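Asks: Using the hints, position chain D with the ligands against chain F.
One line per chain: the protein sequences are F and D, in this order. Read in our numbering, the first sequence has 726 at position 132, and its numbers run on one by one without any break. Read in our numbering, the second sequence has 218 at position 69, and its numbers run on one by one without any break.
Derived by calculation from the structure, the hints in this document are not laboratory data. Since the structure is predicted, the reported quantities are computational estimates derived from the model, not experimental observations. Misleading hints may appear alongside valid ones.
Okay, derived cross-link-like pairs now, DMTMM-like style, lysine to aspartate or glutamate, Cα gap no bigger than 20 angstroms in a straight line [what the hints assert, rightly or not]:
| hint | chain 1 | residue 1 | chain 2 | residue 2 |
| --- | --- | --- | --- | --- |
| 1 | F | 671 | F | 684 |
| 2 | D | 368 | F | 741 |
| 3 | D | 203 | F | 816 |
| 4 | F | 738 | D | 289 |
| 5 | F | 676 | D | 274 |
| 6 | F | 613 | F | 816 |
| 7 | F | 676 | F | 658 |
| 8 | F | 716 | D | 289 |
Where chain D lies over chain F, by a calculated footprint (3+ residues, C-beta under 8 angstroms) [said to hold, decoys possible]:
| hint | stretch |
| --- | --- |
| 9 | 693–701 |
| 10 | 820–830 |
Where is the CB? At the ideal position from N, CA and C, for every residue including glycine.
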Amino acid sequence: MSQKTASPSGTDPIITMRKVEKHYETFHALRDINFDVRRGEVVAIIGPSGSGKSTLIRCINRLETISSGEIVVDGTKVEDGKSLALVRAEVGMVFQQFNLFPHMSVLRNVAIAPMRVRGIPKAEAESRARQLLERVGLSAHVDKYPDQLSGGQQQRVAIARALAMEPLVLLFDEPTSALDPEMVGEVLDVIQSLAATGVTMLVVTHEMGFARRVADRVVFMEAGQIIEQGAPNDLFDNPQTDRACAFLSAIMHSAG
Amino acid sequence: MDLITTFFNIDVLRQAAPLLLRGFWLTILLGATSLVISLSLGLLLVLIRLYSPKPLRWLAVAYIDIFRALPLLVLLILVYYALPFVGIRLSSFWAATAALSLVASAYMAETFRAGIEAVPRGQFEAAQTLGFSWPRMMADIILPQAMRLVVPPTTGVSIGLIKDTALASVVALPDLLKQATQTQAFYANPSPLVGAALLYLVLLLPLVRLVSILEARQKRSR
Ligand SMILES: Nc1ncnc2c1ncn2[C@@H]1O[C@H](COP(=O)(O)OP(=O)(O)OP(=O)(O)O)[C@@H](O)[C@H]1O
Ligand SMILES: [Mg+2]
Numbered sequence: 595m596s597q598k599t600a601s602p603s604g605t606d607p608i609i610t611m612r613k614v615e616k617h618y619e620t621f622h623a624l625r626d627i628n629f630d631v632r633r634g635e636v637v638a639i640i641g642p643s644g645s646g647k648s649t650l651i652r653c654i655n656r657l658e659t660i661s662s663g664e665i666v667v668d669g670t671k672v673e674d675g676k677s678l679a680l681v682r683a684e685v686g687m688v689f690q691q692f693n694l695f696p697h698m699s700v701l702r703n704v705a706i707a708p709m710r711v712r713g714i715p716k717a718e719a720e721s722r723a724r725q726l727l728e729r730v731g732l733s734a735h736v737d738k739y740p741d742q743l744s745g746g747q748q749q750r751v752a753i754a755r756a757l758a759m760e761p762l763v764l765l766f767d768e769p770t771s772a773l774d775p776e777m778v779g780e781v782l783d784v785i786q787s788l789a790a791t792g793v794t795m796l797v798v799t800h801e802m803g804f805a806r807r808v809a810d811r812v813v814f815m816e817a818g819q820i821i822e823q824g825a826p827n828d829l830f831d832n833p834q835t836d837r838a839c840a841f842l843s844a845i846m847h848s849a850g
Numbered sequence: 150m151d152l153i154t155t156f157f158n159i160d161v162l163r164q165a166a167p168l169l170l171r172g173f174w175l176t177i178l179l180g181a182t183s184l185v186i187s188l189s190l191g192l193l194l195v196l197i198r199l200y201s202p203k204p205l206r207w208l209a210v211a212y213i214d215i216f217r218a219l220p221l222l223v224l225l226i227l228v229y230y231a232l233p234f235v236g237i238r239l240s241s242f243w244a245a246t247a248a249l250s251l252v253a254s255a256y257m258a259e260t261f262r263a264g265i266e267a268v269p270r271g272q273f274e275a276a277q278t279l280g281f282s283w284p285r286m287m288a289d290i291i292l293p294q295a296m297r298l299v300v301p302p303t304t305g306v307s308i309g310l311i312k313d314t315a316l317a318s319v320v321a322l323p324d325l326l327k328q329a330t331q332t333q334a335f336y337a338n339p340s341p342l343v344g345a346a347l348l349y350l351v352l353l354l355p356l357v358r359l360v361s362i363l364e365a366r367q368k369r370s371r
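Okay, chain F solo, but in the shape it has when bound (with noise of 0.2 angstroms):
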């Protein structure tokens, strides 16, 4: 939480989108995004329901395709080829619905991926898989199966399963909108304890106080747009635009 101001210059982006469109068919779902993440920054995305956030992390690792613009990701452009995997690869995400894999242990779901994308040895995998088990406080539970975990529990594992590709940069796509309420602040302290720590993250939520404790940035979209983005305090208390101000008055009222 170094960097509280949008610094324009200086470190490097890891994200950049330039000038990025997105249809669905007929529907316009993303317009003229043009948006950078900088290495260590950690980024909040807020916006109503279909305003384009879960589009626009899942154009980032081309889980959707773009209609024109330009994604770069860390000096690649993310296009298809030969190059997609090796980007997606720098490029950890964690979803709403966790998919982790069932049908193995939470100890290979997080060795997996470093043994089959990056060829190192199933010992050292499954090593480091421990450590970072470890780290998001699942020591216990290495040799059980995803079903056999609570949900908070098995987000925890996905958030692992990320990480042991070391990646530049993590996106979360509402990581605890299908938890149960009293599961979501051990996946949140797990997200803040990593943003301590200086991982890069772009991170969609609906947890406002989240968002304003562990960002160091805030971005508000509508309707496929950026209406808005800057530090969270300035955003939150202080918000520039009206529909940025009728959004946050409207989730303030209905959090209570």
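Replies: Then chain D with the ligands, alone, in the frame of chain F:
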């Protein structure tokens, strides 16, 4: 004239036993060979059907549809009696293997497709975002889950295939049924046919039971 000496004539059965067992062995060999080929071919077909570029995909669809529509007996006779006219002369064993594998692989492909399509999209996405190549994703993540789902229906198709091996007697393969009809004619007693029926049951009843058990287990684990 009693039922026992007609249908369960021990003397006839004892004398027919070596031939029946030889036929039984050939039936098992034919079934196993066709099964291995149709499983591999079915897997290849479904991957082409789902993931290859358009023209190849259409070819796979055509293959799968045609061999599910064509009666096996017709195909078998075509392979055995018609192919020699274009210079392809298969032994009765390989003619039967070819016909059985062509048809069963089409059914296997459809069964596998149901399994692959039942794997949630999030599994593909999780593997892709970790950087898995397509073959690695299929081998390590998707197919193990898909195959687990389709064990019962695949066993069902396999049972059908083994039953259909009896058709090979039409092209003079000395399989279990052929041996039974020949010894029946020789001894002028139907006991060998009854013996053959019992041997088919010995082979297939456990498999039929297995399918039921697997289906019940899968339903419970959902
Ligand atoms: N595969 C698709 N086909 C057609 N339209 C889609 C598809 N995926 C998303 N959309 C549309 O694009 C818009 C943006 O969707 P997206 O999932 O990015 O929103 P979101 O901001 O993540 O919303 P939420 O907060 O509900 O997750 C929505 O209106 C959605 O209906
Ligand atoms: Mg979303």
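Asks: Please go over all the hints and tell whether each is borne out by the structure.
Replies: Now the hints, each set against the structure:
| no. | hint | verdict |
| --- | --- | --- |
| 1 | F/671 - F/684 | holds (13 angstroms) |
| 2 | D/368 - F/741 | holds (16 angstroms) |
| 3 | D/203 - F/816 | violated (38 angstroms) |
| 4 | F/738 - D/289 | holds (19 angstroms) |
| 5 | F/676 - D/274 | holds (18 angstroms) |
| 6 | F/613 - F/816 | holds (16 angstroms) |
| 7 | F/676 - F/658 | holds (17 angstroms) |
| 8 | F/716 - D/289 | holds (15 angstroms) |
| 9 | 693–701 | holds (count 5) |
| 10 | 820–830 | violated (count 0) |
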